[in-house]
Amino acid sequence: MTVNKKHKRKAEKTSWLVHIFFILFGLVCLIPFITVISISLTNEIELANNGFSIFPGKADLTAYRYLLENPKIVIDAYKITIFITVVGTFLSTLLVSMAAYSLSRKRFILRKVLNWYLFIPTLFGGGLAASYVINTQYLHLNDNIWVLILPGLIGVFNVFMIRTFFQQLPESLFEATKMDGGSEYTVYFRIAMPLSKPVLATVAFLDALERWNSWYNAMLYIRNKELVPLQYLLQKMMREVSSILSEMDNMPSGIDIKELPGENLRMAMLVVSIGPMMCFFPFFQKYFVKGMTVGSVKG
Amino acid sequence: MKRKKLKIPHLKDNIQLFTLALPAIVLLAVFSYWPMYGIILAFKNYKVPLGMWGSPWVGLKNFLFFFQAQDAWRVTRNTLLLNFLFITVTLVCAVGFALLMFEVKSRTHVKVYQTVSILPNFLSWVAVSYMSYALLEPTKGILNRVIESMGGEGISWYAEPEYWPVILLIIKIWHGVGIGSIVYYAALMGVDSELYEAADIDGATKLQKIRYISLPCIVPIITIRLIMAIGKIFRGDFGLFYNVTRDQGTLYPTTDIIDTYVYRALMNQGNVGMSSAVSLFQSVVCFITLMITNSVVKKINPENSLF
Amino acid sequence: MKKKMIALLMAGVMAVGMLAGCGSTNRSSQSESSTKQSSAESETKSTVVESSTEEVKEEPVTVTWWMYGGAADEHDLVMEELNKLLVEKINVKLDLVMIASSEFDEKVRLASMAGEDFDLVWTSNWKNHFDANVSRDAFMAIEDIVAEYGQEMVASMPDGLLDVGKVDGHLYAIPNQQILARQLGVYVQKEYAEKYNLTLTHIDDISEMYDFFDQIVANEPDVWPLLGTKGMTLSIETEKIYESLANGYVFIKKDDDNLTAVPEVIAREELFRTQNEWYKRGYVQPDFATVTDTTANAKAGKYICHLATYKPGGAEEVSNQQGREYIVIPAGEPYLQATSGQETMTAVNVNSKNPEAAVKLLNLVYTDKEVFNMLLSGIEGVHYNKIDDTHIQTVENCKYNYAGNAWKFGNQFLAYYNPQQIDGTWEETDKMNRESEVSPIRGFAFDSTNVQAELAQLDAVSAEFSKGQYIAEDIDAWMKERADKLEKAGLSKVVAEVQAQLDAWKASK
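Chains as they are written, first to last, in the working numbering: chain S, 1 to 299; chain R, 300 to 606; chain C, 607 to 1115.
Since the hints were derived computationally from the structure, they do not count as laboratory data.
Careful, some of the hints might be misleading.
As the list claims (entries may be wrong) - A few chain S residues that face chain C, going by a derived Cβ cut-off under 7 Å, partial list only:
id, residue
1, Gly-125
2, Ala-129
3, Ile-244
Cβ atoms here follow ideal geometry from the backbone N, Cα and C, with glycine treated the same way.
So here's chain S without its partners, still in its complex pose (with noise of 0.2 Å):
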């Protein structure tokens, strides 16, 4: 009850200043985004002839109904992406914050070793080819849904963010867990990981985020159409136009225009693949609690 009252008595003190900074700045990310859903809602020709605007004319679901028109390749893309999302960001954050404690304890003695081990792969890389070539003939992950998870699953700047937060903890509470008979793993799981939450959904977050996104794998290594994520379907069609149009005066047969998707289908695909992404982040911010970590320890 104290700590409401406390909130409220400081709600209070919120500047108006810092409502309009972060309205004005608000809309100035807001409106870019509607831009987006009224193209998508547009139709082609109008776009062409009146250009972008705030707010749709008149609503076209042209777009849409191209999408949905086969609806099969949109669901199975959402499962494929909600499953590596889910998954991956799971493993990454779990193995991630596994590495980061340890890292973060001064007693390992492997500790300076394994900082360096995981910081080399962030700055020198074998290039493409060769973990193309890897993945292809060594580990045969092509067609393998595990190839859209597993290559980036150590994100090693999360480690060293994740380290961060573990060191700044209290050293007493993890000493006195160890007093009671705990092991590393009960620190690690009962002290460590609760007192992190913040970080942790913040990582996992991030994490997420980049996952939804990615594509690039899906594109070297997925020919199977059922395995296919939703970005990927999204970065081909915008990809497939600009390759089009900057080899239209070599080809020497035309193109057939009809073919090619126009801006409105483009940005309405857009607009489905980050939807659900958008409705996930209320759900991590819950995390945001202050007085959540240390101090609630503490009382």
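Following the hints, complete the assembly by docking chains R and C onto the known chain S.
This is chains R and C only, laid out in the frame that chain S set:
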């Protein structure tokens, strides 16, 4: 047995800690370390039938393509300066944004503001380029229409390279500040609220609280992010520079970076040796800048450094 | 509690271990999750078994053919049907892989680096570059195999066509047959041509059309007379005099028997002046230099004219593609360039395990009307209906139509006409291919090995100036700046290299 224990203090703990890190070690070994042999391509004249190992060595010949290019200095300079600008300004903005967000006490407001502010991050650079074009287009563009309605003279934005570092910076901030600030906001959430209460009792002003409580608490995370960002200073955001500038040649003097240059130069020939060479060069420069940054950080505060 | 924690952790570790294991060793679980992909293969295998029990035929070889373009919905259905036909005719099966245009180059390059054993692959001098592939030995030399299994295909080609697929005497690719002779044409929307009484039937210079353009500019505020050309491949001004070599950086004069290599900055001067004039006279949209996507405007019919290669039946083809009626005004004369034919070719992957079967199949597609048309248009009655002996009409909501890809698959002249095309188009095209003026250096192929770095730098610089002529206020200053930068990027070295190779080629003749 006993002697061994003496050699490795907390042996049991160490084993446990090692098992915790093991999955990460294995995954990196397979997906990051194993492919690293691809680096040799930078020194090879690649032939398909001979494979990566069997292709003939050519020494540093693949590097010449880039280093002899008349624009090598220009793109190197652009990459470094623009990235430096982006790193510093986005960092300041994201931290500021998080601090402001921290001032908003109503949960509903925070939720709405945060959700809206991460919206731009969902727009791919291609989509962003449409938006910026609608804004900057020389005749019908919104910005020029505004300028003209105020009696000014429209600027043909896509022909004036000097404006573009700023334009790209603004777009970059707009695109990333919401998402970038989340980490700092989460860090602020971890600050012991008793500290603020104590400060309230002492009658501290808002700025004082930020200066003496909030900022010191998130300095470690700021430092880590800064170091990581500097580790990528020699690699540009291809999508931003390629799409948002519409790959406009007149803008190259200020917007052409290593990644776009190499893309353009090797698009037709697809010479893997040359592209590997440039990539290796980028890695080495990143490594050097990173080591310098890390040692500077270490001097100031060893706790915050990466190694 | 502790036990529970450990159990949870172990479960996590094990799960990861399993994942990693599944990736590295356990092939069966991998194939399980990709059953769909392999189902096609196993299907073909099962039919193999059936047929082999019935007949004493050898097991048919499956030839994988990588082609760029969008995949049709009923791709698998048609392939199944087509394979019955192929097994019957040559005991070979086709696995046609359609790869999106934007991904084609990269996927082909990576797959060939990984040693994948696809058999046939489409190549050209502008996409999945022939030169680049040959320089990394990605294609197989097939002159012997073609001599044995590809005789009909070679016999159907005009003289000298096969030579464009040769490098250093080895044959690396089979050129497809379509329009080969190079001639440009101005395609004009019929509605406007009639409205403004455009009666030209042939031009030598684009300026002959300026009266028409001026009328459009004056009377039609919502449209533009001309769609500019982004690349520099479509140039009436340049092609009147020159033909290009070495990715368009070096030219020679069409009537120059001395074979003097001319740097592109000289050959293209006229072109840039002309295009700059278009910009200044308002013939092209004012922001053409910055526009990256012209599809919406094209669909709305905002460009009255555009330049493209001229060919018999071209107007019908363009009308069909653009969805409105066009006429075409040919420019200049048809001309067979040194490398005409490299625009679309089929090569055999160096890692192919069945090069003979691959060539056999290509030979069949190249010469067999039934096979070729099923590949293009699918199954009669399901995907198309015959109107008469030579014309077909696709059904509504057709789920298989690769007819737009006809020029990428062997011999376009075997294709059925669509209802807009007139009888005799293919014969006329073939005639044009065989009868047009031939380049003095026909058969000469430039080997870029020695100037790879220079070409990369030239590509980077010329892209920097791409479309700059549509925005330059002072075209001379712009051209000078461009010429200087190209010079620094090594243009004269490339010119010298071309000249040396030309001289050697001439001496060997």
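Here's how the hints hold up against the structure:
For Gly-125/S, the shortest C-beta to C-beta distance to chain C is roughly 15 Å, which exceeds 7 Å, and the interface hint is violated. Satisfaction of the interface hint for Ala-129/S is found here, the shortest Cβ-Cβ separation to chain C being roughly 5 Å, below the 7 Å cut-off. Satisfaction of the interface hint for Ile-244/S is found here, the shortest Cβ-Cβ separation to chain C being roughly 6 Å, below the 7 Å cut-off.
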